[in-house]
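There are 2 protein chains.
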Amino acid sequence: MKDEPSETRVDGSRLWSRLMELAQIGATGVPGEVNRQALSLEDAEACALLIGWATEAGLEPAFDSAGNLFLTLIGNEPDLAPLLCGSHLDSQPTGGRFDGALGVLAALEAASTLAGLGRTRRSLIVVAWSNEEGSRFAPGMTGSSVFAGTRDLHSIREQTDAEGTNLGDALDSFLARFSAIEKRPLGFPIAAYLELHIEQADQLEAHGRVIGSVTGIQGKKTWEIGINGSEAHAGTEPMARRKDALQAFARIAVALQEAVTSEAPEVMFTIGHLDVKPNAPSVVPAQVRFRMDLRHADETTLNRLGALVEQLIDVNAPPCATDIKRLVDAPPNTFDTDLRKGILAAAERLGHPAMELLSAAGHDARHLAKVTRAGMIFVPCRAGLSHHPDEWIEPEHAAAGAAVLLEVLENLLDEEG
Amino acid sequence: MKDEPSETRVDGSRLWSRLMELAQIGATGVPGEVNRQALSLEDAEACALLIGWATEAGLEPAFDSAGNLFLTLIGNEPDLAPLLCGSHLDSQPTGGRFDGALGVLAALEAASTLAGLGRTRRSLIVVAWSNEEGSRFAPGMTGSSVFAGTRDLHSIREQTDAEGTNLGDALDSFLARFSAIEKRPLGFPIAAYLELHIEQADQLEAHGRVIGSVTGIQGKKTWEIGINGSEAHAGTEPMARRKDALQAFARIAVALQEAVTSEAPEVMFTIGHLDVKPNAPSVVPAQVRFRMDLRHADETTLNRLGALVEQLIDVNAPPCATDIKRLVDAPPNTFDTDLRKGILAAAERLGHPAMELLSAAGHDARHLAKVTRAGMIFVPCRAGLSHHPDEWIEPEHAAAGAAVLLEVLENLLDEEG
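Those sequence lines, one after another, are chains A and B. First residue of the first sequence? That's 1 in my numbering, and the numbers climb one at a time after it. First residue of the second sequence? That's 1 in my numbering, and the numbers climb one at a time after it.
Chain A on its own, in the form it takes in the complex (with noise of 0.2 Å):
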């Protein structure tokens, strides 16, 4: 037990007013929306906001060579492996205004804090992911992902974006803005990894509980499919002579639904994003592409449905041909148990009602899992809406969220190293 309790040591009110000034980078008109994606200006100069913020509190800001962005609050025992604790800044193109900033705005609310009292053993990492949404440069994740080996720097330097830009550049002038910043080698031993976040989706706000204590995250799959097929006049070329992409494509989309919520209606399939070539009025399409995103929570029925969509895309295609590629392959995985419990035991310290629930979302916490203890602190957002203008928690859990972060870190930063 604390002598007070934490609720009262996160300036609330603070928090808050910093994700809303944050919103305003990258807000496009559109009441709460937020165009704030990865390597942008935009994303620059959210780092630039936030490291004036940390550097204001006594974090040392850093970055590595894979664009994240990391705020040191130095420990009494520099040598021992420091705690991280974050989440990413960059936003989907018609984004809201918490998904990523919430976790790294309260993870900088908990060091502050934890700035104000006595040094703690370890040094606390306060830590901003490049690129986790991966709507400009698909997949995401890649600064998770690099720091935790999992993927390397040289292959997500290699991704491209929809103007054939590649990521490689966009980091090297994305990094060269912020010469005057430290660059720390890539990847380096960590106690343990949290991360703070809203839920996206509805099982808080039906439970009536303000604190989600995430089990793991559901597995997930996604391909880029190309649809080959022939172009030709639009008013001039015979039905039963055409190969037409775009037909094909329609085809693949409803066999592709109808088959995977039957199998399993609890599935989350997607094709969020497609290309037409040409994408003339008068002419047939000639070729397709586009991303598919298949997750379930449960491996072996994951594993069942990502054979059969690769086998609906064959029978579905002819006259058409295709070729499929896999982007993503990520099991379901598992958090710490200790830390599961931990952020358990802080809510019911502090009075907020918790329990325990699976991720629906992917976070760069599954990254952090495969190198270290990690733990994922969600609340409530309304009505589930995430990647939406609409996307709005309350206040009281932005605040409420901070300070279980806060009582979990106090205790891992003077745990026995």
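If you are wondering where the hints come from, they were derived from the structure by calculation, not from laboratory data. Among the hints, a few may not be true.
Treat identical chains as interchangeable: a pair holds within one or across any two.
[What the hints assert, rightly or not] The calculated SDA-like cross-link candidates involving lysine to any residue, where the alpha carbons are at most 25 Å apart (straight line), are:
#	residue 1	residue 2
1	K183	D152
2	K183	K277
3	K277	V267
4	K277	A27
If you're wondering where the values come from, they're calculated on a predicted model, not measured in any experiment.
On the provided structure of chain A, position chain B as indicated by the hints.
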């Protein structure tokens, strides 16, 4: 009967070499492929090349305010309404070398021959209509439709391309490149219009004919359809709760294709253009906009199918909403009977096997037919392939088409006013 067959009176090898030279403008590197979209730099370069050739032959160039290029061979009685003959220079983004280009360059060959003979009574004007294809600024045929008064200049200037540039601004920049060229008023009386074009289907080839006398153009309806769903996170939004605009599109596309082809197998139905928003791999699509193109030779059938597709969109869209915007509604049209006979007779005199046929593709002649006698001559294109890098015609067919054109023009130029 002429003293010598007009076959020998057009320069077939010059026509062919000019077709090849013109195809270098906008050449993409893919063999045969041309990207010379309306009002682009390439379109301007093509006009400049044409003006050079026409000036050498003694023709006088002028643009009107819709971007149409007129090249006049002055007759003995310049107060008589002139004959108009031509086609267009713009191409699809991945177009071929002959669609449009053949009609303009063959008209120039005919005019060059006539310029070398004694003066005709009427003036002959070679025309290159602006933006026939409509691939950059949809719908197309803006130049000919404004010339014929079926659309007005103001409304075509409001059309925008994918980058949001409006046609009016692109047209002003385009015309500014030709400040030294005379401008002529929009629209003027004409005695008749003739257009030579590749068939873009395979009836001539299938029947072993070289010349087609076109009876008319099949009717065409086009739409722009919006599907409005709801943006959501691909990993957390339960399937049953989604309003996925791309899945709604897929259902609609499959239902429409099945319905129209089973009702009328000879229909032409194409969805050639589609945009997805936000088009991010891990976001459920909130909005889809697509273009739909429906063509049929019979007006009653066309109207019945048009009503059917609109109804099926409404049936298949829920839980998404739709907005349906009708763009083009062109009934089938019929070309002038005397011109049709004149084309057949000219082909016979020159010894080219000919037949009457219906055009499946739309052409500028559709609009001219509303204000004057209009006729079209087709030559075969290999396997009916068009709007494609492999689009191909035989050099001797190009020459035959130009010779028939010259023969028909000569008769018209000297007829009583």
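Against the structure, the hints come out as follows:
1. In the homo-oligomer, the alpha carbons of K183 and D152 lie at most 25 Å apart inside one protomer (18 Å), although the nearest pairing across protomers, at 61 Å, exceeds that limit.
2. Taking the closest pair of Cα atoms, K183 and K277 never come within 25 Å of each other, the shortest separation being 42 Å inside a single copy and 37 Å across copies.
3. For the identical chains of this complex, K277 and V267 are inter-copy neighbours only, at 23 Å across copies versus 30 Å inside a copy, given an alpha-carbon limit of 25 Å.
4. Only between protomers do K277 and A27 lie at most 25 Å apart by alpha-carbon distance; the minimum there is 17 Å, versus 31 Å within a single protomer.
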